[in-house]
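Since the structure of chain A is already known, use the hints to place chain B on it.
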Amino acid sequence: MTCLLQVKDLNVSVGDKQILKGVNLCIKPGEVHVVMGPNGAGKSTLANAIMAHPKYEVKGGSIEYKGEDISELSADERARKGIFLSFQTPIEVPGITVEEFLRSTKAQVSDEKLSVLKFRKSLKPILEELKLDESYLDRYLNVGFSGGEKKKTEILQMKVLDPDFVMLDEADSGLDVDAVRIVSEGVSKFLTEQKSCLIITHHSEILSSITPDFVHVIIDGKIVKEGDASLGQRIQKDGFEWIRQELGLKEPVAEEE
Amino acid sequence: MISRNNTATTLSTEELQAKLEQRKAARKAFRAERARLREKRKAERTEVVEMRRGVYDNKNKFEYSLKLENGLSEEIVREISESKGEPEWMLNKRLEALEIFNKTPNPTWGPDLSAVDMNQISTYIRPKAQLESDWNSVPDNIRDTFNQLGIPEAELEMLSGVGAQYDSEVVYHNLKQRFKDMGVVYTDFDTAVREYPEIVQKYYGKCINPAMHRYAALHYAVWSGGSFVYVPKDVYVDIPLQSYFRLNAPGAGQFEHTLIILEEGADAHFIEGCSAPKYNTLNLHAGAVELFVSKNAHLRYSTIENWSRNMYNLNTKRAMVDEDGKIEWVSGSFGSAVSMLYPSSILRGEGASSEFTGITFAGQDQYLDTGAQVMHYAPNTYSSINSKSISKSNGIAIYRGLVDVGVNAHGSKSTVSCESLMLDNESRSDTIPTIRIQNDDVDLGHEAKIGRIDETAIFYLMSRGIPEEEAKAMIVRGFAEPIAKELPMEYAVEMNNLITLELKGAIG
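For the record, the sequence lines run as chains A and B. Residue numbering for the first sequence follows the numbering used here, beginning at 51 and increasing consecutively. Residue numbering for the second sequence follows the numbering used here, beginning at -19 and increasing consecutively.
This is chain B alone, in the form it adopts within the complex:
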């Protein structure tokens, strides 16, 4: 059983204020310089047309207690670690990762990432608010944002632990007493590093290695915030654990680390929602999600991501699944300039299974390269991938998937289905499914369907009195329905709203 130390050990407000004073002058000069650079860049660059995204585009006044210099150096990494009061081993992990990052180039396949400039991204932003356990003490401007995103409703509806991330720090956290009683730990990752060092050290970085790719390395060097969930043996968490991430600072990257551990026979549903306001400077998101599903455990991980149109979303998500364990991914990718996201499942125990259901919407000037990966590394494992994509204007939606069946994965089964819907002649869609099989005793099915929105179907709906735009929206919502029905009601509604917003962009 895990015990929790309730005394907060974050830096005190006084210490932060002192730091703030120290940096004030430097920051002022730095900001002026950055503003000048931004203006310059703006003049040089073709303006990206932004659509109205309603509440998702609301940004609050920029007000932070600590913001590091843009760019990445060892000093910055040390500073991040120090400000968090981290143990030595974590600092060392960060420095190792930094070294890997500096040696690793961008991938040579997929979307062009050359525009991701580390010198423009500040890696650490701490909101003025300290960690709160009570909703009423959360600062007004932060609460307003959450109000618009529907967090309090979720709270009112007695939904369970809401851990909401505001920029890089978790400002609001609430976990139901009964989960605590069950021994379930749900906290922000910074706290977990301090309070549950044995568990964190045992699992941290064991699922996703910093050497996987450049942005995994970057993540491990500069991670901040995120969620930590630990569910003990045979505990069934009957209400979804929710977390709402939100990026709100110009030029800021978000590098949250999520670590979820389900012990044998445990069962939980984690919901991650992301939305971000728009900004004209480059933005980068490189989080990492590490999931450990033990024997006979069951985890569902649902995400609705909705990034602003200038975001580079280079997130890494991976699950390790033991004997007869099951991971279910539900994934909705909206917004961003470029997304590269391939949640992967490593089925390492006999009878382990993975189900992936995902949808991607690529609108104007977006390049969404998404998919799923499954590694069958044990006998009698099962996986299914059901991917849908929608593209419009000059948006590009690529499905890039991998099913890898190892030598000892006999008796395994996998089905992959990809469906793409293009809404006009300018959009582009493609599927790149890779399948590697290293033994004879497997059952594999693959199905891909790429098509344009059916003119006759639009006419059919119109002939019943439905205006053209609504007819299109209905067809698209219908296409997305298999995903929507996997989501809890409020998220399904949000997804449908997003689809409607995206489609409206086509008219305006």
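Next up, chain A with everything else stripped away, as it sits in the complex:
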């Protein structure tokens, strides 16, 4: 089977600073991949580069999606092809309600035309599943939301847009146990044989309800170790230090992602 998403020798810089130093990745339809790594290793950079964040400059390598080189496409074009990124820190957008926003985005990614009422009705089961009150639809996007509400709203957007390939950047960070469970369940229900997923996390709460097919460890901008779900469990237990020792990597200076 060919890759749904293929990243080849990806080099990414932010300003003058090189973050990713030759990353290779192949995600096939239906696969769940997890990228783990210490803070500052380049995990979020990978996701943002795949989504075409203008701040993350691709200096070398390529990104292919469904067999097409998408390296030159803008974020909205990539989104319309079915790529989705759940943000680590969702942005507050004052003045735009969640419902308005969902409706405009849905109109961009699909040809389906839904009346206002039908659209609102279609949101109800998703809201219930995520334990979000219907009143959230009338609130401004992420404005004044708690960490958990923001992450749930990301999952809500994901379900409405129905992408083929989703990236979850720290979807479970900063959440209480219940919220982690709701978000994880929401994601795992969404993932079917056709959907592929790249989960970015520096710990692995989310992995208790989603079993990955592959686990990649990024340290200092490179994928240094790959394995199956058991690698994730080992990291959950022992952290990253043993990998550094095993590979003879030195302790990096703390960097901002």
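None of these hints come from the bench; they were simulated from the model. Do not take every clue at face value.
Said to hold, decoys possible - Beta-carbon label-pair distances, calculated as ranges:
id : chain 1 : residue 1 : chain 2 : residue 2 : range
1  : A       : L167      : B       : R408      : 52 to 62 Å
2  : A       : L167      : B       : E435      : 32 to 42 Å
3  : A       : K171      : B       : T395      : 34 to 44 Å
Owing to the predicted nature of the structure, the values given are computational and were not obtained by experimental measurement. The beta carbon of each residue, even a glycine, is placed where N, CA and C say it ideally should be.
Okay, now just chain B, sitting in the frame of chain A:
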């Protein structure tokens, strides 16, 4: 109770035709000269890049029954007064104001006004149409313009009195019968001067003094058209009173006078909308809005102004608020080359309050110097100012505000919030809030936020499939939403359309 004399006392068509004949030859020569001058100026001046503003830029064929010489002299002022058949006292007010105008220089602060040349501005233009009470008898070309601006829809939707100003005269006026029955007067200001002289004389010029500044003086010398609203005691006007102003003549200034009086316990909402087509000659707008809010009365005054890019908008708006009265300003300033607009509220009765919500959009080559002023001159008064500005290209958006708390205004409270959004690195924004406090017992809050449009927010929206320009537009519309939601639906839609048009200018 006010009674209304229904017989029209404007000059008859025959009289106007006679005047027209007399002036025909002179006007022809004058026009040729002006055209020559315009060409000359055009050649000398760097062309201002105009954006497409859709229906707002449509201009109708120039066709007027009377147009005075450009420039300003005592003769012109007398002529204006005479053609309106004004009483002596009004002529005297005009002449006094002219004297003040001639002595008063341009302000030394704010935008440069040296390009405002009175010799280029004709101060009085009367449309061919006489005052109409029936929509069907309004001339076709004028009706077309209003059609494009959505006036008939408003009418169809049973919105109340629509007084629309076409250049300097009100051509269309309609007031619902039940308002008449309530004793509410809503008419053009020229008619008010003739038909309600006692009221007009009592209030006219008492809120805004010609000596306030040069363009207030100019206004009082040459005013023409405008609206007059009188709401008797305890009358609640439950449908907004609307007026659509529109400038349509090259080189013409607009000096409409608005006078609104709410008696004790009355309640009304007045909506003023302005848009103008573009022209390359200098244009000046110097209107005056005088609002009187009596004890326990409540007035909301909403404006969406959308001037062509060569307009100097030097408007003066002021409200006097009595005991426990309340004025609410909702203000959207778009277009113009230069705007200086600071609606002010004088809280002169105990417990009086003022709320100001305003938005300003400064695009390329625009200098919008706007804000609000509140004078707390009585105890336990309250005010809030919520101002937002957007600037793009090399546009300049300045918030200039004043909160003045007098010696006897103890127990008063004021909050000011200014937010500026700059869409690129070329635009400029600044806040100049002045606060004067003359007693210890006041509660004052001030908050200012200036920022550029957030790249990450744009990316966030784009990552959901929204193209970049639409993402920016969404963020800007969201920024303006607190203002939009204060407006009636049709005006909110218009404002959002304006924002989208303004943003599109950035691409083209």
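Structure-based check of all given hints:
no.: 1; hint: L167(A) to R408(B): 52 to 62 Å; verdict: violated (45 Å)
no.: 2; hint: L167(A) to E435(B): 32 to 42 Å; verdict: holds (36 Å)
no.: 3; hint: K171(A) to T395(B): 34 to 44 Å; verdict: holds (41 Å)
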